[in-house]
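Given the structure of chain A, go ahead and fit chain B onto it with the hints provided.
In order, the protein sequence lines correspond to chains A and B. For any residue, its number in this note's numbering is found by taking its place in the first sequence, counting from 1, and adding 139. For any residue, its number in this note's numbering is found by taking its place in the second sequence, counting from 1, and adding 3.
Keep in mind the hints are simulated off the structure, nothing from the lab. Errors might be hidden in some of the hints.
Stated by the list, open to error - Output of the computed footprint for chain B on chain A, the stretches with three or more beta carbons under 8 Å from beta carbons of chain B:
| hint | region |
| --- | --- |
| 1 | 208-216 |
| 2 | 375-387 |
| 3 | 403-411 |
Claimed, not checked - Chain A regions said to be covered by chain B (calculated; three or more residues, Cβ under 8 Å):
| hint | region |
| --- | --- |
| 4 | 307-317 |
| 5 | 320-326 |
| 6 | 359-372 |
Predicted model only: the values in this text are computed from it and were never measured. Beta carbons are placed, not taken as given, at the ideal position from N, Cα and C, and that holds for glycine.
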Amino acid sequence: MNRVQNTKLILWLIVGFAAAVGLSRFIYGLGAMTNLTDSTPWGFWIGFDVMAGVALAGGGFVITAIFYMMKRDEFHHLVKPAVLTAFLGYLAVIFGLLFDLGLPWNIWHMIIFWNPHSPLFEVGWCVMLYTTVLLLEFSPVPLEKFSRYAKIRSFLMKFRFLFVLLGIMLSTLHQSSLGSLFLIMPFRLHPLWYSDILPILFFISAIALGLMMVSFESLATHWLYRRQPETKLVAKLGRAAVWVLAIYFAVKMADIFISGEFSMIFDGTWESNLFIAEMLISVVIPIIIFSVNHLRTSPGWQGLASFSVVFGMVLNRINVGGFTMLRATGDSYFPSWTEISLSFGVVSFVALVFLYIIEKFHIWEKPPEYPEADPYTQPSFDYSSRVWLGSPRIAALTKYSLVFILSFAFGIALIPDRHLQSKGVEEVIAKKARGEELLYIDGNHDGFGVSFNHQHHIDSLGCKDSCAACHHMNKPLDKNTGCWECHRKMYSQSDIFQHDWHASEKGADIACGKCHPENERRLVSTARKCYECHPDMFAVGTENTAVNYLVDSYTDALHQQCVSCHKEKALILPEKEHLADCATCHESVPPEHLNELLKWYDEQPSYNRVILPKIKPDSSENKSL
Amino acid sequence: MRAAILTDVTKCIGCLKCVSACKITNKLEPDTPRVWQKNDGLSAENWTSIIKKPENHYIRKQCRHCLEPACASVCPVGALHKTAEGAVIYDKNKCLGCRYCMMACPYGIPRYDWDEPVPYVSKCILCYDKLKIGQQPACTEACPEQATIFGEREELIKLAHQRIADNPGKYMDKVWGEHEIGGTSVLYLSNIDLGFLSYQKTLGTKPLPQTTAPAMKSVPYAFAGMGAAMLGLNWIVRRRQELGKKQDEKKESSNE
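Bound conformation, chain A alone (with noise of 0.2 Å):
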């Protein structure tokens, strides 16, 4: 195995995992796949997906401007793979977004309907203008490959220098209006993070952060390919960031200090230390490092310092994305485990995109060489299904589909099934027994009405307080307590013997021996039978009924008391047929007495009743007994 291969079963298995996600999110909504509430619409998926996504793809604009702007040839190398970054993190950034939305399938609205007052509105002209501007930046790559197509491609490349300079402005644009949303927020927001030059701290981190991701980027597919890191460029995109990176930080304190907020920054709340931890994170670590010489020229050091920047970027915008304003709303807020793999899943997905057209296409001055497709390799034998995989592409292909189908089928069984969950049942106002003492009512949900004594219960419950000992509603489909949770006896079988009662000293106070013969394992069927004691307590012929010591439940109980002789009766006596029929002993509820226990019901006021939670039909029967 190699790493390039390793790497990829990873990414595949995070994607399968996201697949899910994404799949039972458009099925059970948002509110089943998302910690989210009413007071934290926006989490992890906003902060990561798109406030983060959009500022990790600004190496783009960072590159071309100054390539080809600045004229700077040396980093010819780096335009290409910064320039795709830029294009699939932008792709990326509107595909997790389609998670996001409530209404997806209505992206196109803004195109439609105006609203420029909103700054989403810009940042969503400018994601849309912008990723058109880098596809039309970018095909000329693939075009490459195919002659027929020379005409278009020599066409873009007249205009080549046109759109690097429009993507520079759109960028600009989009990158500081990410920081204008959360300037109609003061009173959400954070102090440490509100700021009204949020725009403009937006704007210097996103070129500090586009730097050090093209760096990260290149350092990590060099590794990933074995190939000689691109060291220099990488120590004078590192010097560059020192500076941005120093101005961010001055503008940053400046900012804090002018606002009157820097006590703010010691005073030992969890947003402080977040605060500090950020502010190491993303700026002193990284100044640190690459101000150092002999740091700045090894490829470890570079790759930690380039990660640092992209972990702490990305930590700045998931703070200002929603992270921190917990304290205003004073909800709890932390991303589930499937919105954090959603989003992992999305880059994933881009990262194999990347990686596919890395080794399809001419990104870099010699491409690497595809190490599954190498035609002296062996084919290589599965050991678990004892076949020979063919060529090695093949196997890798087989090996890929398996990880993403598996970890698919695991994410499906995970899912948590909190479309019932989420739910909870509305909380009621109570009344006194709705005005009623006997309620005619379907006790075990079995659709049988019963005549229910309310106020009987409450007083022999214990008044006012007792109403939880019915009325919980803290189980999903709960709206009392059916009959039978109390009145077992009445339904199911019960124990009539009571063990310790006669053993103990304070009961019947009996020695063992007087119930077990000695010498003899003390079981139950060698223990004494009930009714040689108590003689009187068995009907003749019936000393044997009580088997185990269990007996039927009272309904049964009752039934084959009095029902067998009552049939018997029935059939014997003239003109008592109807000793038979349930009614002669089942009093029912007269009819206008029953209209008017069941008319309650439906004047109350629809806020007023327990309703179950919304869910199928269908299946809401089939948990009814």
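Positioned in the frame of chain A, the structure of chain B alone reads:
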């Protein structure tokens, strides 16, 4: 006509008739609140609620219908807008579900159908259908104590100040919503601090859309400015390179 509602907290007896009337009028389904959330009674199916505070204080929570609503200013497709009648209404056919309105509202009013595969934003719309035909909203109509009343905004503000003047010591000397974030159409008279209705105790008088307006206005300048800066930079760099080449050629020629 600038429709408005004045709610007198001291008069409210917490009978929930407004809540019930709202549910019936707007045909809202029974509620299914989510776990892990502080419950203020509002939800996608509850557009107004009564918050109970100690000592028999009942405060009705509903959309404030700001004069310059933050939610309407941030909606990228203009699904929310303030009508001439004074209501802030929602067009679900435009909405794309970005939930920016929910983020922008300082009172946390808009709510979402989290449990639906096709979710919409929902909030009080001041019974806009009734408002259009000259009727008052269901909640004010249903109130048995005249605790929440409907009228024109200016008159209600006058009435509120009148009540404060007539009953010294009964109310806090403030009409909630008169100047808050540029003024709201739903006003409160209270004898307790109503700061808990918003995310911050005091919101200030600056309308929220004005916080993003400077940034949005500078967009064209930033766009043109960046383009000019890049072109200028490019021109300078090219010029320098040309001069450098010429100097090299001169040096070479002089060397020869």
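Ascending list of hint numbers which this structure does not respect | 2, 3 and 6
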